[in-house]
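Trainee: Single-letter residue listing:
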Amino acid sequence: MKWMEELRRLLRRAQEDPAPADPPGGISCQAAVEHLFEWLDGELEPEMGEQVAGHLEACARCYPLLTFERAFRQAVTEATGDEEAPDELKERIMASLESEGYRDS
Amino acid sequence: MSHLPDRDRAFREEALPQMDAVYRFALRLAGSQDRAQDLAQETFLHAFRNWDKYTPGTQAKSWLFTICRNLFLRREQRSKRHQEIVSEVADVDPRQLSREATVFMAVRDRDPEGAFWKEVVDEEVLRAIDELPGEFKDAVVLSDIEDLSYQEMAEVLEIPVGTVKSRLFRGRRILQERLHEYAVEEGIIPPEVQPTESDAGGSI
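Chains as they are written, first to last, in numbering that gives the first Met the number 0: chain A, 0 to 104; chain F, 0 to 203.
Hints listed in this document are in silico derivations from the structure and should not be mistaken for laboratory results.
Heads up, some of the hints might be wrong.
List time: in silico DSSO-like cross-link candidates among lysine-lysine, alpha-carbon distance up to 27 Å [stated by the list, open to error]:
#, chain 1, residue 1, chain 2, residue 2
1, F, 136, F, 117
2, A, 89, F, 52
3, F, 117, A, 89
Predicted, not measured: the structure shown is a model, and the values here were computed from it.
Whole structure, please, built from the sequences with the hints as guidance.
Mentor: As C-alpha cells, then:
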C-alpha cells in the first residue's frame with residue numbers, strides 16, 4: 000500500500016512543520032530561502048537582510064536549513080583556509096620581480 | 000626611511016600581501032602544486048609589468064585573480080569551452096537554485112543541521128572542489144574560499160552578476176551532492192531509508 004505510506008509521510012511532515020500563518024520577519028519561507036545564499040554572502044540590502052535574518056533565525060521550518068548551509072560553508076572554508084604559498088615560491092616570485100627592476104629596499 | 004620608488008612601494012603594499020591568496024586560487028585552477036607555482040609566479044610578474052593599469056587603493060586581490068585566471072585560460076586554451084558554459088548557465092534563476100536544497104531534503108530526517116559536513120575530511124572537500132566543472136569551481140573558490148563579493152567576482156570572471164550567482168549557487172549544490180555521496184559511501188551518514196519520489200530533488 001504505497002499510497003498509504005506516502006499519505007502517512009505527508010501527514011507527519013505537515014504536523015512537524017506547518018507553514019506559519021504569520022511568518023517571522025514578515026516574509027514567507029519561500030522568499031527567505033530564495034535569498035538565503037545572498038544573505039549568507041552578505042549581499043542583501045540591509046532592510047531585506049533583516050527580514051531574511053529575522054525569518055531564518057526564528058522559523059522552525061527554515062532554521063535547520065540555515066544551520067545546514069552554514070555548516071557546509073564552514074567545511075569548505077576550513078578545508079582550504081591554511082593553504083599558504085610555499086617559501087620557495089615566494090622567493091621565486093621576488094627573484095623574478097627583481098630581475099624586472101623591482102627594488103625591495 | 001624608505002628609498003623605494005613609489006611604484007615599487009605600492010606594489011609591495013598592495014600586491015605582494017596577496018601571494019597566499021593568489022597561490023590558493025592558482026592551486027584550485029591548475030590542480031597541481033608545480034603548475035600552481037608557475038601560474039602564481041607568472042601572475043605576479045605580469046602584474047608588476049602592468050602595474051600602471053591598476054588603480055591604487057582598489058581591490059588588488061580581484062585584479063590579481065583576473066590576471067591569474069586569464070593566464071590560466073590562455074595557457075589551457077579553454078576560452079571556447081568557457082563561452083559555451085556561460086550560455087548554458089546564464090538563464091538559470093539563482094533564486095530557484097537557492098531553493099533547490101536537494102541534499103538538505105535528503106538528510107533532513109537524519110541530520111537536519113548538517114553535522115556530517117564536519118566529518119568530511121578536508122582532502123575530500125578539496126578534491127570535490129577540484130573536480131567541479133571549471134566555471135562553477137571558479138565561482139565557489141572566489142566566493143567561499145577567497146570571500147570576494149558578487150561584483151568583484153563579476154569583474155574577475157567577466158560575466159554579469161546574475162550569472163555569477165547562478166554559477167555560484169549551482170556550484171555549491173553540485174559540491175553538496177558530491178560530498179553527500181562521499182559521506183554515505185564512507186558511512187559518515189547512513190543512506191536514505193525508503194526514498195520516495197517527493198523526497199528526491201525537491202525544493203524548499
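Trainee: Would the hint linking residue 89 of chain A and residue 52 of chain F be met if the CA-CA limit is 27 Å?
Mentor: Cα-Cα ~23 Å, so holds.
Trainee: Assess, step by step, whether the Cα of residue 117 of chain F is no farther than 27 Å from the Cα of residue 89 of chain A, and give holds or violated.
Mentor: Violated, at roughly 32 Å.
Trainee: For residue 136 of chain F and residue 117 of chain F, compute the direct alpha-carbon distance and say whether it is at most 27 Å.
Mentor: Holds, at about 21 Å.
In this structure, only the earlier hint numbered 3 is contradicted, and the remaining ones agree with it.
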